[in-house]
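Full structure from sequences and hints, please.
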Amino acid sequence: MSGMDDFELEIKRDFINEALINLEETEGSFMELEVSPDPKTLLDKIFRLAHNLKGGARAVGFGQVAEFTHQLENLVQKIQRSEVPLSSPVITTLLQSNDRLADMLSELKNNLEASFDNTDLLASIQGWIDGTQVAPDPAPDTPQATIETTASSSDTSFDIDSSQSLSSEVPQEIESLVEEKKFAAPSLSDFFGDEPVQSPSASEKRVEAVQEVQVSELKPATVAGGTDLKAKQSSGDSGASGPKSSSKEPAKEVEIIRVPLDKIDKLNDFVGELIVLQSVVQSQASTEANVKLHATMRQLFKLSKDIQTLSMSLRMLPVKPLVQKLQRVVRDTANTLGKPVELTVEGEGLDIDKSVLDRLADPLIHILRNAVDHGLESPEGRAEAGKGAIGKVMLSFMNEGNSLLVEVRDDGKGINHEIVRKKAIEKKLITDNQQLSEKQIINLIFHPGFSTKAEASEISGRGVGMDVVKTNVEKVGGQVDVTTVIGKGSIFKLQIPLSLAVVDGLVVNTASLGRFVIPLSQVQETLNLKSLPVSSGQLGIGSCLQLRGVVVPLFTLDECLGSKAQVSKSEGTALIVNVNDRPVGIIVQEILRGQQIVIKPLGNGVAAQKGWVGSCVLGDGLPTLIVSPQDMLHGKINYELSEEQWGGAA
Amino acid sequence: MSTGTVDNRFIEFKLGGQRYAIPLLAVKEVMQKTDITSVPNMPAYFEGMINLRGQILGVYNVQRRLTGKAKDSKIEQEVVIVIDQLGVSMGMIVDEVTSVLHAEGNSIGPAPLKESDPASAYIGAVIQSDNGLVQVLNLRELLELEKYRAKPAA
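Just so you know, the protein sequences line up as chains A and G, in that order. For the first sequence, this note's numbering gives the first residue as 1, with consecutive numbering after it. For the second sequence, this note's numbering gives the first residue as 1001, with consecutive numbering after it.
Worth flagging that the hints you see were computed from the coordinates, not collected in a lab. Hints may be right or wrong, so weigh each one.
BS3-like, lysine-lysine: derived pairs with alpha carbons at most 30 angstroms apart [said to hold, decoys possible]:
| id | chain 1 | residue 1 | chain 2 | residue 2 |
| --- | --- | --- | --- | --- |
| 1 | G | K1147 | A | K475 |
| 2 | A | K422 | A | K493 |
| 3 | A | K263 | G | K1114 |
| 4 | A | K109 | A | K266 |
| 5 | A | K428 | A | K320 |
| 6 | A | K488 | A | K427 |
| 7 | A | K12 | A | K320 |
| 8 | A | K564 | G | K1147 |
| 9 | A | K610 | G | K1069 |
| 10 | G | K1069 | A | K564 |
| 11 | G | K1069 | A | K263 |
| 12 | G | K1114 | G | K1147 |
| 13 | G | K1033 | A | K564 |
| 14 | G | K1028 | G | K1147 |
| 15 | A | K470 | A | K427 |
| 16 | G | K1147 | A | K266 |
| 17 | G | K1028 | A | K263 |
| 18 | A | K475 | A | K305 |
| 19 | A | K428 | A | K475 |
| 20 | A | K475 | A | K423 |
| 21 | A | K263 | A | K320 |
| 22 | G | K1147 | A | K610 |
| 23 | A | K266 | G | K1033 |
| 24 | G | K1028 | A | K266 |
| 25 | A | K610 | A | K475 |
Below, the structure is given as structure tokens:
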């Protein structure tokens, strides 16, 4: 490393970063090859990518990358000339090459002198070029329907690790790509495209991404399952139309710069502070009689709000790259299982907060895999059920108020609640005679103990990871819901706050500790305790409340936070919060207001404690803790009744 | 610890009648004490948190940290020194900031520590000034900087 001067280091790093972005965006082109009626344009794009990477890698001295892309380029050229027929297995090889390139570049990012063993893939590519490797069924009408595993190569075997590396790519990107959703003229692409050695600029790749968006939008969405799904689809479209609408504007040239994420966060901090100061000045000015001052204050108010909206939007990233990864997951899963699957995606033009986007990948991968593996029937099963041979999975993203709604639908066999019930009894999650609604039973699939390794298939055991899905989604303040109809399919709904940095909060006052903020998403309802019969506690039992036939234990927020002060439990307001799926009342002295809050980390010196989400600055400029009653009480309340406690009575 | 640094300037402040100093380069700013929000379940020397232009900082009450005693009611602690050291930003409450000291040559040296006094853990060195000794505080120990250094983002 000593021989490298700063300049050399810099150009190497620049090359790697640029190349990683290019790769990610080209993955979609590889995938589209399977369905596109005109693969030529896509092949041209892939060829250009390989060619540019080769040139760039040679120029900065990454010999192995250059060698690999050279070989890849040769294969693509053969396909372009129709010397190698385009087939699902060859696309798999191309996708693997894409992955391998990403792996190599990521490794180089950490260690500029890393070396690699690519003999396996290079041999496979060479095999295609030489014609020793052939697709079993080169020209099918529905390419995905021919996903039988090719015995001739190991390429089609499912690589479980690939999904993990896919999902971990997102958080690894430290820098956020700041971009406008406006588009560059195609001529720009041609211009850069003619420069062979120079690695393509980010703006060019944007142009390509845009073209992909347009291509997929034009593709008619084929959805089975009748009018219900179709109606939903149109509403999904309208929900997504806000952020997406700009894609229909005429092409417009835009420059893109990359900015470190912490700069953007800093900007947001300052803007947040500006808003606070603005509101302080406004309240101070309200006592003045000066009319001009009030007019100016209104202008200042509007301007600062605009600035806030804009600065918040800088953290927003398109879901498109995530969608591409998910398409890949579905494709790979379908290939391995030999189930023909058609994935329809909606709302991929949406933008969501980077941190939400990062945490969405894993849950969605789990759900989609389960949908293909367990939701969809085998081709024979579908024929028996009178369904089309190709299983349909639909993934949609839409905005709903302050939340992002993600839906995964499949038209498979649905979840049989009787089977789930039997299994839950087997696993001792519920008792034999426990009365549960169908909905409650279905929700047991999210229980951590529901799935066991012994029954897990290669891809996803029944319910494997479903508890992880739930935990992950709840971690970002979201909720999961599942509806299912036997024989028709299932719908998984994820509701997630649009931004992790901003949440709706309830500002509450406690009797002994001052103000706190509680995330509104946790609060089911609020009750005035004065008007309710609170049982003040008996020997061995704490205070509780009977609410619609359910006994709700009561805790003061003060005691949750460790205060020793004696606070009455029969006055104030109880916030009903679900802890381990049971209602619990959290008593506060009063609810001051609900407001949007910007979450900041706990200040230095504040030792993190269970359930302390972060801190925020309220309208008067004072810092306040944000606490999560759900987390504070998690595990503290024991509800599970053993047989003995039941007294053996049925 | 701090003898290796090139800079020999210290900021001097008063606390409970005593003179203390900390390296000038560790100081981000000095501000009037604003409203402090107290935080439950924290040690007595943790005064609370303040909002410094959008950044939320913990504030230590240095007097309590050093003496372990409750604040002497006669003393009005009015100033917060915001430090930025080892990547950690925190506030410390003192009575008043008096001057900037230049510790030339031999005027700075190891403190004659009285090990039985728990406060000795927080004293790093002494500076001999014209009007007596000034204790140089060891910020790393005093403000438990190591604890917050690698703090993961919440």
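- Message: With the threshold set at 30 angstroms, check whether the alpha-carbon distance from K422 (chain A) to K493 (chain A) stays at or below it.
- Response: Since the Cα atoms of K422 (chain A) and K493 (chain A) sit roughly 25 angstroms apart, the hinted pair holds (cutoff 30 angstroms).
- Hinted pair K1069 (chain G) and K564 (chain A), Cα distance within 30 angstroms: holds (21 angstroms)
- Under the criterion that the straight-line Cα-Cα distance not exceed 30 angstroms, is the pair K1147 (chain G), K266 (chain A) satisfied? holds (23 angstroms)
- Query: Given the hinted pair K470 (chain A) and K427 (chain A), is their alpha-carbon gap at most 30 angstroms?
  - Reply: holds (19 angstroms)
- Message: Against the 30 angstroms threshold, does the CA-CA distance of K428 (chain A) and K475 (chain A) hold or violate the hint?
- Response: holds (26 angstroms)
- Straight-line Cα separation of K1028 (chain G) and K263 (chain A) no greater than 30 angstroms? Since the Cα atoms of K1028 (chain G) and K263 (chain A) sit roughly 19 angstroms apart, the hinted pair holds (cutoff 30 angstroms).
- Message: Given the hinted pair K1147 (chain G) and K610 (chain A), is their Cα-Cα distance within 30 angstroms?
- Response: Cα-Cα ~17 angstroms, so holds.
- Given the hint that K1147 (chain G) pairs with K475 (chain A), test it: the Cα-Cα distance must not exceed 30 angstroms. holds (25 angstroms)
- Query: Quick one, are K1033 (chain G) and K564 (chain A) close enough, alpha carbons at most 30 angstroms?
  - Reply: Holds - the C-alpha atoms of K564 (chain A) and K1033 (chain G) are around 28 angstroms apart, at most 30 angstroms.
- Hinted pair K266 (chain A) and K1033 (chain G), Cα distance within 30 angstroms: holds (24 angstroms)
- Query: Is K428 (chain A) within 30 angstroms of K320 (chain A), Cα to Cα?
  - Reply: violated (42 angstroms)
- Are the Cα atoms of K475 (chain A) and K305 (chain A) separated by 30 angstroms or less? holds (29 angstroms)
Figure legend: structure checked against the earlier numbered hints; hints not met, in rising order: 3, 5, 11.
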